[in-house]
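Trainee: Spelled out from the first residue to the last, the chains are:
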Amino acid sequence: MSWRRLIITLLIIAPILALLAFGFTRDAKYITSPLLAKPATSFTVTLYDGKKIALADLRGKAVFLNFWASWCTPCRAEAHDLEAAWQKVKDKDMIFLGVALQDSDQASKEFLKEFNVTYPNGRDESGKIAVDYGTWGIPESFFIDPQGRITYKHVGAIRAALVLSKLEEAAKGIASAQEGRGDYQGVR
Amino acid sequence: MAALKLFLLYVLLVLFHAPLHAAPAPDLEDRTREIATELRCVVCQNLSVADSPSEMAQQMRAIVREQLQAGKTDEQIKEFFVSKYGEWVLLKPKTTGFSALLWILPYVVLVIGVITALWFVRRWSTNKRQSVTPRAESSDLAPAQGELLRQDFALPDIEDTSSRAQLLRERGRVKDELNELEFDFQSGKLSETDYAALKHEIESKGGTVLRQLNSLPAEPARKSQHKPAKDKSPKDPVSHNRFKRWQLISGGVFLMLFGLALGVMLTQSIRPRQGANDSMTGDFMTGTTPANGEAAAALAEGKQAFSRQEFPKAIEAFKKVLSADPNHPEAHSYMGFVLMQAGHGDGALMAFEKALTRAPNFPMALWGKGMVLYQDKKDFAGAREIFERLLNLVPPGEERNEVAKVLAEIPATGGAPKSTSTAAPAATPSGQNISGTITIDPKLKDKIDPQAALFIIARPAAATGGPPLAVKKIDKPTFPLTYSLSQENVMMQGTPFTGKINITVRLDKDGNPTTRGAGDLTGEYKKNPVEVGAKNADVIVDQLL
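Here the protein sequences come in this chain order: A and B. The first sequence: position 84 = 1156 (my numbering), numbered continuously. The second sequence: position 49 = 61 (my numbering), numbered continuously.
In short, the hints are calculated from the structure, not lab data. It is possible that some hints are incorrect.
Stated by the list, open to error - Distance ranges between label pairs, derived from CB positions:
1. B:Gly-275 x A:Pro-1106: 33 to 39 Å
2. B:Thr-516 x A:Lys-1123: 50 to 56 Å
3. A:Leu-1119 x B:Thr-510: 47 to 53 Å
4. A:Thr-1097 x B:Pro-372: 18 to 24 Å
5. A:Leu-1083 x B:Ala-166: 28 to 34 Å
As the list claims (entries may be wrong) - The list that follows gives simulated cross-link-like pairs (lysine to any residue, SDA-like), each with its CA atoms no further than 20 Å apart:
6. A:Lys-1200 x B:Leu-102
7. B:Lys-256 x A:Ile-1079
8. B:Lys-457 x B:Phe-491
9. B:Lys-90 x B:Pro-105
10. A:Lys-1185 x B:Arg-412
Unchecked claim - Chain A regions said to be covered by chain B (calculated; three or more residues, Cβ under 8 Å):
11. 1100–1109
12. 1137–1145
13. 1148–1158
14. 1235–1246
15. 1252–1260
Because the structure is a prediction, the values reported are computed rather than measured. No residue lacks a Cβ here, since even glycine has one placed at the ideal position from N, Cα and C.
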């Protein structure tokens, strides 16, 4: 009889403890994106060199879309890696697109100059593109396959090796089940 | 007449239409606010988009307004944000799907709680009744059924819901009723006729129960007969009650301990937010930095003591922070700087390493580590790597310029230069060095910091900026001292130590060649520039910064 009571008590308490443990051990700030394996919203952005680029025009290419800001420390940490990765894939059917958000025109340009960024970059002036991609912590990177579907998302600084491997996967249309995480900073 | 009619028609139209036109359209701002109130701000997280002052919330409000103008319904707009951020973005979770659990579960738990409470109350009251009911005594009634009904027997366990147990309980109730009837009759509350009628009624009910009991299969009956024999506690009311009491006490103690543990856990895990990027949960469960008042106060106190150069006090304060959070990167970094000041390069390096284990890109720790490698360990390649990393992390500004300056001063090669801890006499062939004596102006003698390091700096006379050509560091110098600068002191390997050179010296309080602080003493060779090969290039330290 006492065993039965013990089991019943444990059955009541265990879920409560499990719920508490779940609540206290997760990062309350982290927002899991519902966008993985979903079509990427198209947008048009004016690049710093004055040209315009639309995501829809990039169909048929694997796209690496990176949201950044010049005031964001993890963005600075990944800048060299991104440029290095771009240098390796620029002649393939792959494209990098940087979108600066919550940043001034001048500061963004200085950032690009400082890190010798050569891939296309533009500024999301209204913040609409950032919201379309559910951005909340920067840098945030999205990998889009040639059919325009998001295959992977990485919140925080990303290394060149991961960019290249995930881009290869995107080119093949392989979507990841989970998003990646690195050092990130909240948007403002 | 027709004109009058037209006029009246016009007046009527104006009267009835005017208010329609003048009625304010549903206010766009109000509707925007209404929707924004239901959306969670992705920056503040505990505030709605309507209440948050963040830039992101402003942009989200603009999107809501724009979509309202485009004719979208409230639901469509909310759905748009849910499609981007998930249901997390709704301050009120949906009442459908998995989220419905959030709404239903509290009520389910409440109902279960009420049912459980009622069940316990009923059980306790039943037990109590059983314990106070007088036990059956032998009766003078003749019928076999009456005898059988009055026989004492063990009641089944209250949780046993089998039909046998129910019948046994019913038999117990019949027995009680018969006892009560007997008592009432004997105390004169009942007439003989009533007593006989009621007795007959109860006994016939009992007879039915006994018949039903007899009709049950034999095997379970045997089991139930064995059970009381095995478990003696129900037969012994005193020990049974004692057992119950212990159960209640242990249950109470358990609940109290559970409450205490929960209370401690909650107070340790929840803290006020320290800023937009801070989380309200943390500390011992998530291992995030302590933001509780005591540790924060100790950190502030340590920093103040450090800036006043009260190092023992600073060490105590940082130790306090580290006892609350053994991996606090800032406290470790400060400890590193204190150790650096005290000349413990290895200890300082270890402290900076500890800080970097927790936060690999912590600028302060990177700066400290770079400085130790550069100045103490003479590991120029290592120092360069650290400062280059730091340079990437620090946004443009004064701090960044400082990092760039140090980086420019670090010799390009990784090889450690020869020891400069003592004032070495001129060892290189004459004609390739500059030598002389350095003395202190008597007026500044009491201004000498015993921990200060002396830097002898050689700059090409033609250069207007940039790094020096050669530098020599002498720790804890004693004056007057003789010095010699030669090819081995040049900063960029391969640069020839030739030509006309300006010689300056600095007695640096913090031993950092890149910073000129108050209290540093300086001087220069009065006949600057000097040709390499010159002797007696004597310098008097005569200026206080």
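Trainee: Now look at each hint and say whether the structure bears it out.
Mentor: Evaluated hints:
no., hint, result
1, B:Gly-275 x A:Pro-1106: 33 to 39 Å, "36 Å, holds"
2, B:Thr-516 x A:Lys-1123: 50 to 56 Å, "53 Å, holds"
3, A:Leu-1119 x B:Thr-510: 47 to 53 Å, "51 Å, holds"
4, A:Thr-1097 x B:Pro-372: 18 to 24 Å, "22 Å, holds"
5, A:Leu-1083 x B:Ala-166: 28 to 34 Å, "29 Å, holds"
6, A:Lys-1200 x B:Leu-102, "19 Å, holds"
7, B:Lys-256 x A:Ile-1079, "18 Å, holds"
8, B:Lys-457 x B:Phe-491, "10 Å, holds"
9, B:Lys-90 x B:Pro-105, "12 Å, holds"
10, A:Lys-1185 x B:Arg-412, "16 Å, holds"
11, 1100–1109, "holds (count 7)"
12, 1137–1145, "holds (count 3)"
13, 1148–1158, "holds (count 4)"
14, 1235–1246, "violated (count 0)"
15, 1252–1260, "holds (count 5)"
In this structure, only the earlier hint numbered 14 is contradicted, and the remaining ones agree with it.
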